[in-house]
Amino acid sequence: MKIKSQRDFWSGLMFVLIGAGFAIGATNYSMGTSARPGAGYFPLMLSVIMAILGAIVLFKSLTIESADGDPIGSIAWKPLLIIVAAIVIFGLTLERLGMIITVPLLIVISSLAGDEFKWRGVIINAIVLTVGSWAVFVWGLKLTIPLWPRFLQ
Amino acid sequence: MDLLNNLALGFGVAFTWVNLLYAFFGCVLGTLIGVLPGIGPVATIAMLLPSIYALDATPALIMLAGIYYGAQYGGSTTAILINVPGESSSVVTAIDGYQMARQGRAGAALAVAGLGSFFAGCVGTIIIAAFAPPLTELAFKFGPAEYFSLMVLGLIGAVVLASGSLLKAISMIILGLLLAQINTDVISGTARYSFDIPELTDGIGFVTIAMGVFGFGEIIANLGQPAESREVFTSKVKGLWPTMQDFQDAWPAVLRGTALGSILGVLPGGGALLASFASYTMEKKIARNPRVPFGKGAIQGVAGPESANNAGAQTSFIPMLTLGIPPNAVMALMVGAMTIKGIQPGPQVMTSNPQLFWGLIASMWVGNLMLVILNLPLIGIWIKLLTVPYRFLFPAITLFCCIGVYTLNNSTFDVFMTALFAAIGYAFYKLSCESAPLLLGFILGPMMEENLRRALLLSRGDWSTFVLRPLSAGLLAAALLMVIVVTLPSIKSKREVAFSEE
Numbered sequence: 006m007k008i009k010s011q012r013d014f015w016s017g018l019m020f021v022l023i024g025a026g027f028a029i030g031a032t033n034y035s036m037g038t039s040a041r042p043g044a045g046y047f048p049l050m051l052s053v054i055m056a057i058l059g060a061i062v063l064f065k066s067l068t069i070e071s072a073d074g075d076p077i078g079s080i081a082w083k084p085l086l087i088i089v090a091a092i093v094i095f096g097l098t099l100e101r102l103g104m105i106i107t108v109p110l111l112i113v114i115s116s117l118a119g120d121e122f123k124w125r126g127v128i129i130n131a132i133v134l135t136v137g138s139w140a141v142f143v144w145g146l147k148l149t150i151p152l153w154p155r156f157l158q
Numbered sequence: 209m210d211l212l213n214n215l216a217l218g219f220g221v222a223f224t225w226v227n228l229l230y231a232f233f234g235c236v237l238g239t240l241i242g243v244l245p246g247i248g249p250v251a252t253i254a255m256l257l258p259s260i261y262a263l264d265a266t267p268a269l270i271m272l273a274g275i276y277y278g279a280q281y282g283g284s285t286t287a288i289l290i291n292v293p294g295e296s297s298s299v300v301t302a303i304d305g306y307q308m309a310r311q312g313r314a315g316a317a318l319a320v321a322g323l324g325s326f327f328a329g330c331v332g333t334i335i336i337a338a339f340a341p342p343l344t345e346l347a348f349k350f351g352p353a354e355y356f357s358l359m360v361l362g363l364i365g366a367v368v369l370a371s372g373s374l375l376k377a378i379s380m381i382i383l384g385l386l387l388a389q390i391n392t393d394v395i396s397g398t399a400r401y402s403f404d405i406p407e408l409t410d411g412i413g414f415v416t417i418a419m420g421v422f423g424f425g426e427i428i429a430n431l432g433q434p435a436e437s438r439e440v441f442t443s444k445v446k447g448l449w450p451t452m453q454d455f456q457d458a459w460p461a462v463l464r465g466t467a468l469g470s471i472l473g474v475l476p477g478g479g480a481l482l483a484s485f486a487s488y489t490m491e492k493k494i495a496r497n498p499r500v501p502f503g504k505g506a507i508q509g510v511a512g513p514e515s516a517n518n519a520g521a522q523t524s525f526i527p528m529l530t531l532g533i534p535p536n537a538v539m540a541l542m543v544g545a546m547t548i549k550g551i552q553p554g555p556q557v558m559t560s561n562p563q564l565f566w567g568l569i570a571s572m573w574v575g576n577l578m579l580v581i582l583n584l585p586l587i588g589i590w591i592k593l594l595t596v597p598y599r600f601l602f603p604a605i606t607l608f609c610c611i612g613v614y615t616l617n618n619s620t621f622d623v624f625m626t627a628l629f630a631a632i633g634y635a636f637y638k639l640s641c642e643s644a645p646l647l648l649g650f651i652l653g654p655m656m657e658e659n660l661r662r663a664l665l666l667s668r669g670d671w672s673t674f675v676l677r678p679l680s681a682g683l684l685a686a687a688l689l690m691v692i693v694v695t696l697p698s699i700k701s702k703r704e705v706a707f708s709e710e
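Those protein sequence lines, which keep their order, are chains L and W.
Using this note's numbering, you'd call the opening residue of the first sequence number 6 and step up by one each time.
Using this note's numbering, you'd call the opening residue of the second sequence number 209 and step up by one each time.
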């Protein structure tokens, strides 16, 4: 068995697995009857349909020839991991360290994901954005965002 | 005349200082993100949703709407000047617009795009004002069964007209519907798929998904591609005013584009993107013997699609405002914004919030006028922005998205969820699964379940209620017909060609 379309194979597999997962989950909730549908009725219906559609995608990816095998291509691990990490670190530190530290930290970390990293540009960018986001969000829009680190308060 | 009275009410609302200010702000921001590649209206509107808590509903929606149609104007600027469409709806504008710029006619291309868009925007506004009331009337006849079928039609329509694999797109809708099932069941109070995480019992925020998938997912995808060298024709933007000849060539294309865009905008799944593609295809067929061949700088190839995408952007408000059914991802966010402001989207909006309804419509005309002024004489400022390198932009976008997500509920849990959806969004991109249907499904999920269960309750569990009620049957038949038509081999190949062109 040869995979004829990489992208379709993996997306089909994804739909089947997620469908199966939701279907199993739905069995924990009351089905009810069709006259009085319970909490699990609609999700079960949906997950079964999705798993079936996923299976068709999967089947087609193994049988129907595509021009070049429809490869997924290389995965951009560096930007993917750095951006996700930057967001997570932002979430972890914002309430403890406040905007004043978290924002420059986010800028520096996320800048690492680009092709080019020059300290001078990154630092200027960080300063401009820290002041700018304070002006827009805290001063302008009056949103409640922790500004200073907790240990300073 | 009801129409005139209503419009008068609308303009009364739109011309207050506050609303003018927010319309202007929305237009500026829309143009800005339209010009900047790598961030679209979906991510921007999602980013701004927290800030609308502090605003009244009317200025808030006026601003968000301004971002959407403002982005259509801005997107064409980059398409023409650097061959990089700032917005997906200006992809086709780049084909002929960029060629015009290379021949030193960037000014004419920009002017025709701007004026064509303005004309289309005016027509679009009148169409909304004229068609919204009768559609609203119709919507009041709808019971739960009709609403359910309408949503099926809306969702199917949204993917039938989109590009890519139909099967995968429908699967993405269902995935969206399923993600919306992570919540507390309204009827029984059961927490579903929460894995004992208290935050999940309230459901996943649609902002989290929109921002993760559309904002961050796109950043990662952009960074994964090799940097391209850009050639900016900044020095050559002279002689903004098109010649008489240009006008003569362009105006029929503007009329056709406006008509086509207005129709396609109303259809589920329609809106700016589809309208511009369809218009370009039509211009190529209709405009026989253009002075300059298509692909080599034909002015019709700029005028048609640009008018069409603006008309489509405008009329796609119709299903959202009258039925509460969003035809595309941006409208889905508008529905979310209304919910945040405590307005239940649906046919009752027009009668319960006439100020909002007509004010929003009138503000679109005002906004279009502002955009022409913003974009034509001030083009130089926007061109300067293009020289800001992406390495400064993407950390800024990341930051604004993070702050936006956090301030929505002041919760770091939402930030972590967004990180998760950023990774998921990138996976969708790599697997060429479109994300827009997922967002539509997610927004409509709770409404769909509620209407399905109510319809079944009313019919005592008889599923045939959906096909025995004539209106509902008609809607379902239309949905089925769409799927059948698209899967017909002859149309299927044409559809693929239409989207892969150029």
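Treat the hints with care, since some could be wrong.
Said to hold, decoys possible - Sample of chain W residues facing chain L (criterion: CB under 10 Å; computed from the structure):
#1 225
#2 259
#3 631
Just so you know, the hints here were simulated from the structure itself, not pulled from any lab data.
Treat the numbers as computed from the prediction; the structure is a model and nothing was measured.
Beta carbons: idealized from backbone N, C-alpha and C, even for Gly.
Each hint, compared with the structure:
Because the closest C-beta pair between residue 225/W and chain L is about 18 Å apart, greater than 10 Å, the hint is violated. Annotation: interface hint on residue 259/W holds; nearest CB of chain L at approximately 5 Å, less than 10 Å. Because the smallest distance between the Cβ of residue 631/W and any Cβ of chain L comes to about 5 Å, under 10 Å, the interface hint for this residue holds.
Of the numbered hints given earlier, the model fails hint 1 alone.
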